[in-house]
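S.K.: Please work from the sequences and hints to get the whole structure.
FYI, the numbering for the sequence shown is -27 to -1, 1 to 129, going by mature numbering (1 follows the signal peptide of the UniProt record, and there is no 0).
Not one of these hints is a red herring.
Taking lysine-lysine and the DSS-like style, the derived pairs with C-alpha atoms no more than 27 angstroms apart in a straight line are:
(1) Lys38 x Lys92
(2) Lys66 x Lys119
(3) Lys92 x Lys66
(4) Lys30 x Lys92
(5) Lys17 x Lys43
(6) Lys100 x Lys119
(7) Lys43 x Lys100
(8) Lys12 x Lys84
(9) Lys38 x Lys17
(10) Lys92 x Lys60
(11) Lys66 x Lys84
(12) Lys65 x Lys38
(13) Lys92 x Lys119
(14) Lys119 x Lys84
(15) Lys17 x Lys103
(16) Lys66 x Lys91
(17) Lys43 x Lys60
(18) Lys84 x Lys127
(19) Lys84 x Lys60
(20) Lys91 x Lys119
(21) Lys100 x Lys60
(22) Lys103 x Lys38
(23) Lys100 x Lys66
(24) Lys127 x Lys65
(25) Lys65 x Lys84
(26) Lys100 x Lys84
(27) Lys38 x Lys127
(28) Lys127 x Lys92
(29) Lys127 x Lys103
(30) Lys100 x Lys17
(31) Lys38 x Lys100
(32) Lys100 x Lys12
(33) Lys30 x Lys91
(34) Lys30 x Lys65
(35) Lys84 x Lys30
(36) Lys60 x Lys12
(37) Lys30 x Lys66
(38) Lys65 x Lys119
(39) Lys103 x Lys66
(40) Lys12 x Lys103
To be clear, the hints were calculated from the coordinates, so they are not data collected in a lab.
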Amino acid sequence: MKTSIFICLRKFFLSVLLMCLPLWVQAQDGLQIASLFNKYGERKDVTRVELNGSILKSYRMTTYKSLVFKDIGPYRQEIQQCLANDKQANVKKTQEVMESGVLRSAYYQLKEVERNGKKLNRYILFKIGKDTMGTLIYIEGLLSEKEMMDMLYKPE
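M.R.: Shown next, in the form of structure tokens:
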């Protein structure tokens, strides 16, 4: 009897997981940077952050994902290639800082996407910091560009 209940529960949770998977995958649909979060999110020298729940809602976001690379060197070329492809196909507004032919920082406001009847704004942020550290961030939600800038640059 316990075994059949366990099997039923396992099937239920598996079906719920499979129903939710398209929503998670859809968040970065059509973007090459999505592969970076999947590929490097579990590496020892990379810190991955994904927010959910009330934190997202308080900032009017539906998705927040970031990767922080302790040493961006081995990943820089692939990241910059993905950014270049996403920029070419999806960008609405861009700000970039190049140094000696290397992209040091980037802000991309992408074309909106419609999900559940709402138009959502999408942003990609990239920065190579001091030493060899680098950060890649993807944000999606109702927040405006001004809200994004206020969030990033508000004094502490």
